[in-house]
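Heads up: the sequence shown begins at 1 in my numbering, then just goes up one per residue.
Think of the hints as simulated: they come from the structure by calculation, not from any bench.
By construction, the Cβ of each residue, glycine as well, lies at the ideal position given by its N, Cα and C atoms.
It is possible that some hints are incorrect.
For lysine to aspartate or glutamate, the following EDC-like pairs were computed, each having C-alpha atoms within a straight-line distance of at most 16 Å [claimed, not checked]:
| # | residue 1 | residue 2 |
| --- | --- | --- |
| 1 | Lys99 | Glu74 |
| 2 | Lys132 | Asp87 |
| 3 | Lys136 | Asp89 |
| 4 | Lys242 | Glu37 |
| 5 | Lys122 | Glu100 |
| 6 | Lys60 | Glu86 |
| 7 | Lys279 | Glu175 |
| 8 | Lys132 | Glu274 |
| 9 | Lys132 | Glu200 |
| 10 | Lys90 | Glu116 |
| 11 | Lys177 | Glu200 |
| 12 | Lys90 | Glu306 |
| 13 | Lys201 | Asp294 |
| 14 | Lys299 | Asp323 |
| 15 | Lys98 | Glu116 |
| 16 | Lys270 | Asp323 |
| 17 | Lys299 | Glu134 |
| 18 | Lys201 | Glu175 |
| 19 | Lys71 | Glu96 |
| 20 | Lys192 | Glu175 |
| 21 | Lys176 | Asp215 |
| 22 | Lys298 | Asp323 |
| 23 | Lys136 | Glu86 |
| 24 | Lys99 | Asp119 |
| 25 | Lys197 | Glu100 |
| 26 | Lys299 | Glu61 |
| 27 | Lys132 | Glu86 |
| 28 | Lys192 | Asp294 |
| 29 | Lys122 | Glu96 |
| 30 | Lys90 | Asp119 |
| 31 | Lys136 | Glu306 |
| 32 | Lys132 | Glu61 |
| 33 | Lys283 | Glu96 |
Taking CB as the label site, the calculated pair distances span [stated by the list, open to error]:
| # | residue 1 | residue 2 | range |
| --- | --- | --- | --- |
| 34 | Ala64 | Asp87 | 39 to 47 Å |
| 35 | Tyr110 | Gly244 | 17 to 25 Å |
| 36 | Asn292 | Tyr72 | 26 to 34 Å |
| 37 | Trp204 | Arg310 | 40 to 48 Å |
| 38 | Ser44 | Gln296 | 41 to 49 Å |
| 39 | Tyr108 | Glu61 | 46 to 54 Å |
| 40 | Asn220 | Thr291 | 22 to 30 Å |
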Amino acid sequence: MKKIIIMLLSLITVFTVISVSLYADESEKNKMLYTYEPSMPILSNDSKSDLNYRVSVLQKEREAWLNQVIKYNENLYGQSVSHYTEDSDKYTLYFEPKKEERKETIVYEYQLSKVEEIDQNKWGVSRIEYVKPESKLALSVMNDENTRSFIINGVTYDYKFTYYYAWSSGYYRIEKKSFSSYASIAASQLIKYTIDKLMEKVHWVIQLAAGTLFDSIELNLPIVAETYNKYFYENKVCSVKKQGSSTWFPTCQIGRRLSFGWCWSTARLKTTGEPTILKGPVKNGNGIPPTNYDSQAKKPYFDNNEWMIRKAVETMSTGGYADVYAICITLE
């Protein structure tokens, strides 16, 4: 599994939209996580055979192909495929979550101000989408509308989208505000709840942090409100393969980030007057990817498959393209 994300963001070396070299020269290629699964079978153009017969043959060929790519990817990523779906545009493989060691929660007393670097072993894959040659997406990106293949500038390509994910290495402070007393807080006073510009009322943050201990707080003494975030990162990678080639090139990568807020408060207890740190409940993700996040940020074109396909082809010979919130590094 350690080799998994050497590909996953070997594309990236800086913290903005970037274009970098995938490998220094051809001899370096095999050091990256290029993949080598076969192309999806296409409908035979043998005009002597009945169309229904050719369709039935294609169905059997794709069933065999699907079993092959499932085994290939399970072996490659060390994660089992839980199930797959098929529609008119694609086959999608869904993977069981990557097993992670339980560790103590890490809290950073500063705001994350750059793209986060995460140990490559922490990344997993949630799903892979193999685009069908006869799909609407195929027709939208090719130049020749009279053919059902991925032809761009005279070259036929295959495409897939791989979704990698990782959690941040801990919680990062978003904002900290101090007040002379709870009563001094204006009703409209706001505090940043996530780095993605979500705001909440300070009263709510303090109450959530205190929970059932709120009635035990001395409200006429100084009080502090703090917010922290952890992040779920998802990086969507478009890989392309030329007709006749055995290699998939991961050349376009776009990311999104889901934020999970955490409330803290420092107050004084009525009984002793001593300061105490109160921490609200920690919210954990409800799946991969989670849907119970507090806010979401996406890089441009994350949802635009056609744009990503064209960018992947465009940058195959110029090093690739990446615009993400988190990168994977080799810590050896």
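Taking the hints in turn, this is what the structure says about them:
1. Lys99 x Glu74: 14 Å, holds
2. Lys132 x Asp87: 9 Å, holds
3. Lys136 x Asp89: It holds: about 7 Å lies between the C-alpha atoms, which stays within 16 Å.
4. Lys242 x Glu37: 13 Å, holds
5. Lys122 x Glu100: 8 Å, holds
6. Lys60 x Glu86: 14 Å, holds
7. Lys279 x Glu175: 15 Å, holds
8. Lys132 x Glu274: Outside the cut-off at roughly 65 Å; violated.
9. Lys132 x Glu200: 45 Å, violated
10. Lys90 x Glu116: 32 Å, violated
11. Lys177 x Glu200: 13 Å, holds
12. Lys90 x Glu306: 14 Å, holds
13. Lys201 x Asp294: Within the cut-off at roughly 15 Å; holds.
14. Lys299 x Asp323: 7 Å, holds
15. Lys98 x Glu116: 20 Å, violated
16. Lys270 x Asp323: Since the Cα atoms of Lys270 and Asp323 sit roughly 50 Å apart, the hinted pair is violated (cutoff 16 Å).
17. Lys299 x Glu134: 29 Å, violated
18. Lys201 x Glu175: At roughly 13 Å apart (the allowed maximum being 16 Å), Glu175 and Lys201 satisfy the hint.
19. Lys71 x Glu96: Judged against 16 Å, a Cα distance of about 14 Å means the pair holds.
20. Lys192 x Glu175: Holds, at roughly 6 Å.
21. Lys176 x Asp215: Judged against 16 Å, a Cα distance of about 22 Å means the pair is violated.
22. Lys298 x Asp323: 10 Å, holds
23. Lys136 x Glu86: Holds, because 14 Å separates the two Cα atoms, which is no more than 16 Å.
24. Lys99 x Asp119: At roughly 15 Å apart (the allowed maximum being 16 Å), Asp119 and Lys99 satisfy the hint.
25. Lys197 x Glu100: 30 Å, violated
26. Lys299 x Glu61: 37 Å, violated
27. Lys132 x Glu86: With Cα atoms ~10 Å apart, Lys132 and Glu86 stay inside 16 Å; holds.
28. Lys192 x Asp294: Since the Cα atoms of Lys192 and Asp294 sit roughly 12 Å apart, the hinted pair holds (cutoff 16 Å).
29. Lys122 x Glu96: 15 Å, holds
30. Lys90 x Asp119: 31 Å, violated
31. Lys136 x Glu306: 10 Å, holds
32. Lys132 x Glu61: 14 Å, holds
33. Lys283 x Glu96: Measuring from Cα to Cα gives roughly 21 Å; hence the hint is violated.
34. Ala64 x Asp87: 39 to 47 Å: At roughly 20 Å between Cβ atoms, Asp87 and Ala64 fall outside 39 to 47 Å, so the hint is violated.
35. Tyr110 x Gly244: 17 to 25 Å: Roughly 51 Å apart at Cβ, these two residues miss the hinted range, so it is violated.
36. Asn292 x Tyr72: 26 to 34 Å: 33 Å, holds
37. Trp204 x Arg310: 40 to 48 Å: Check passed, 45 Å falls within 40 to 48 Å.
38. Ser44 x Gln296: 41 to 49 Å: Because 44 Å falls inside the window, the suggested range holds.
39. Tyr108 x Glu61: 46 to 54 Å: 52 Å, holds
40. Asn220 x Thr291: 22 to 30 Å: Cβ of Asn220 to Cβ of Thr291: about 41 Å, so the range 22 to 30 Å is violated.
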